[in-house]
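There are 2 protein chains.
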Amino acid sequence: MKVALLGCGTVGTEVVRLLHEQAGDLAARIGAPLELAGVAVRRPNRHPGVPAALLTTDAGALVDRPDVDVVVEVIGGLEPARTLLLSAMKAGKSVVTANKALLAEDGATLHAAARDAGVDLYFEASVAGAIPLLRPLRESLAGDRITRVVGIVNGTTNFVLSRMDSTGAGFAEALAEATALGYAEADPTADVDGFDAAAKAAILAGLAFHTRVTAADVHREGIAAVTAADVASARAMGCTVKLLAICDRDPADGSVGARVHPAMIPRTHPLASVGDAFNAVYVEAEAAGQLMFYGRGAGGAPTASAVLGDLVAVARNRLTGARGAGESAYADLRVRPVGETPTRYHISLDVADKPGVLAAVAQAFAAHEVSISTVRQAGRGDDATLVLVTHVAPDAALAATVEDLRRLPVVREVASVMRVESA
Amino acid sequence: MKVALLGCGTVGTEVVRLLHEQAGDLAARIGAPLELAGVAVRRPNRHPGVPAALLTTDAGALVDRPDVDVVVEVIGGLEPARTLLLSAMKAGKSVVTANKALLAEDGATLHAAARDAGVDLYFEASVAGAIPLLRPLRESLAGDRITRVVGIVNGTTNFVLSRMDSTGAGFAEALAEATALGYAEADPTADVDGFDAAAKAAILAGLAFHTRVTAADVHREGIAAVTAADVASARAMGCTVKLLAICDRDPADGSVGARVHPAMIPRTHPLASVGDAFNAVYVEAEAAGQLMFYGRGAGGAPTASAVLGDLVAVARNRLTGARGAGESAYADLRVRPVGETPTRYHISLDVADKPGVLAAVAQAFAAHEVSISTVRQAGRGDDATLVLVTHVAPDAALAATVEDLRRLPVVREVASVMRVESA
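Same order as they appear, the protein sequences are chains A and B. Take the first sequence: its position 33, counted from the start at 1, is 33 in the numbering used here, and no numbers get skipped. Take the second sequence: its position 294, counted from the start at 1, is 294 in the numbering used here, and no numbers get skipped.
Calculated from the structure, these hints are not laboratory results. Just to be clear, a hint being listed does not mean it is correct.
As the list claims (entries may be wrong) - Derived DEER-like restraints, expressed as beta-carbon distance ranges:
no., chain 1, residue 1, chain 2, residue 2, range
1, B, Ala322, A, Arg65, 25 to 33 Å
2, A, Arg17, B, Ala322, 30 to 38 Å
3, A, Met237, B, Glu79, 56 to 64 Å
4, B, Gly9, A, Leu358, 55 to 63 Å
5, A, Gln377, B, Asp382, 52 to 60 Å
6, B, Gly49, A, Asp64, 55 to 63 Å
7, B, Gly24, A, Pro33, 41 to 49 Å
8, B, Pro342, A, Glu340, 54 to 62 Å
9, B, Ala252, A, Ala91, 42 to 50 Å
As the list claims (entries may be wrong) - Residues from chain B that keep clear of chain A, each with C-beta distances beyond 12 Å, as calculated:
no., residue
10, Ala52
11, Asp250
12, Pro355
13, Gly356
14, Ser373
The model shown is predicted, which means the values in this text are computed figures rather than measured ones. Think of the CB as a built atom: it goes at the ideal place given N, C-alpha and C, for glycine as much as any other residue.
Could you put together the complete structure from these sequences and hints?
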């Protein structure tokens, strides 16, 4: 069974190492030895750990080699990954990929290619690294009805928010620490602005609800606007701030929501104690109840572990002439805009301390039919702060309320707005 | 695709309900409708929720029906379950079972029958109920090397120990509460004495290390001897007491250990916060690092969710002429006796308060080459208590040390002995 590896960065290097070190075990588990046919890289002189004879800069030629059975793609990004994978599948090769961006952007095309060619397309490593998550969602829970998936699926932002929570640091300071420690990339945009988490949310929602969800369907807010004051405010109400990927299915109309944004969650929530660069995904299903999966969501070896697991499955399938489960998108559900999504807001206002302020503020909420759960007034005089937590209301009504509050003469500043997730 | 259901208790009833309620989804996910061909029960008049025409008391005849494709077994126990499943597989039917006792006792026979007949034998529901665990171990981590599996896999004992920890109650009182709330059966022996957890440990160790482990290989200690004093002692050192199923592979000699016993774990350990009747399993693998799976380990609906997930997989396999992964026991590793297992002990001694006591006690440890990590003396005079925690040593050396301590004149009583698991 011959494997072509596309890309040899942090993950690819570990894939090569594991293929070599665990060759005997892999062969026993598959029923045939796995052989690395070639490794496509941009700069062959940068990979001293890979036998020179295996290295090539021509990924297309490697994919086209008739002796290659399985193509493993760990390049990332849309192109040339998409073209290479489509070409591989068209030629009858099975594919293992860790490419969340490509799957979230254009999964339908890839799945169709796999179906047309009768080959496997596996992508466990694309979400939450080493955590076995996609296989449980698409197979173990295939007999159940998943209602909600809430995950911490980006290690960089979780590290930043964990540091802000534990040290009181601001966003910039915590991000600088993450960069220094290697938890954030030189350009942290994909992580910090939630693009990475949104791609994963699209993949999770699609699998969980048997429908198609693309990255463009996912409402996305990053963590750059989260302040030390927000984190302190969360702490004061027994909460912590996490960047959550939330996918849910409305049991009433069957619509699906997928969104990524920072949110306050109670410290008693199972996700609250997920610190540093760890990932965790919380799943609710009708019969199974509450489940949680926890582990390392990134890094070379953990991601390579997920790639290898897929590789064993795909190789075993080819050997027995079988095919794993393909795309399951039969439900074809409407993706709900974030404005329709029921949620709760935590709002902190700098206000003038004079009679009638609370009445004016309360009126702004009432005008949008948003009911208030708790109000707390901190400070007095010029420093008066009003902290409000709403009951559940449509996100659009909450957003409109905030807009009105900004215009209210008694409100000096809307100091902080953040969603609150209860459970 | 026709399904025969053997047994219709708590789990079977939920299987029937889910097959009915989710018929459309199941058909879409499998590619063909699942039809319940019959339900074998002992007393047909006790199942008002099942159409009378489906009920039969003749399980053997139901299994033999030529139109049955898949047999689901939720009777439990060794016989008649074994005979029925062997007969089903011999006749070319695939099998889904939740029967941990049978798999742990005689899994080899079942797996051989599945292999010989070329059918599927799936058993996700046999360990940790709804938690997708076996599929991740046998498939997602198939490209990795698992080093350790530590689980809370019995909800009854976890409820009892959680109550003892939170209320200070003794074992009998906490068990009575568990019984009253329906968390413990009228005869709680299988749970309390660790038989249930030991069966699950055998299954987990076999899957994790690709070798055969039976219930008889598992060292088993229950929780009946855990006292309120033990729990208080654990609390004093920042620990809590859990009944753990521990499976590990010695990287040096490749031997495998499987044991079930109460142990003190630090409150910071991911398993420490798993309360009530929840289950959680912590997995360490070379590349993946630390993973944890959490959810409901028992109950009708959660267990039925796992059964249905297997049923979808097995039905899909039959439809496509494929077969899932069979037994993987190629590694054929030695199962290490508990005496050779490196562990740590927490020992609490009632001692005479006079000079030379610590020297005599320390000498007993030294004689077995057990080194002491911490010593704490609580109380004075007649109430003097010496609390010792050892470093890691072979279990046999620790056990022998305890025997010597019991015979030491300065030791009035060995008040408590419990293993300590660090991480």
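Do the hints match the structure? See the list:
no.	hint	verdict
1	Ala322(B) with Arg65(A): 25 to 33 Å	holds, 27 Å
2	Arg17(A) with Ala322(B): 30 to 38 Å	holds, 31 Å
3	Met237(A) with Glu79(B): 56 to 64 Å	holds, 57 Å
4	Gly9(B) with Leu358(A): 55 to 63 Å	holds, 57 Å
5	Gln377(A) with Asp382(B): 52 to 60 Å	holds, 58 Å
6	Gly49(B) with Asp64(A): 55 to 63 Å	holds, 58 Å
7	Gly24(B) with Pro33(A): 41 to 49 Å	holds, 43 Å
8	Pro342(B) with Glu340(A): 54 to 62 Å	holds, 57 Å
9	Ala252(B) with Ala91(A): 42 to 50 Å	holds, 45 Å
10	Ala52	holds, 25 Å
11	Asp250	holds, 16 Å
12	Pro355	holds, 47 Å
13	Gly356	holds, 46 Å
14	Ser373	holds, 27 Å
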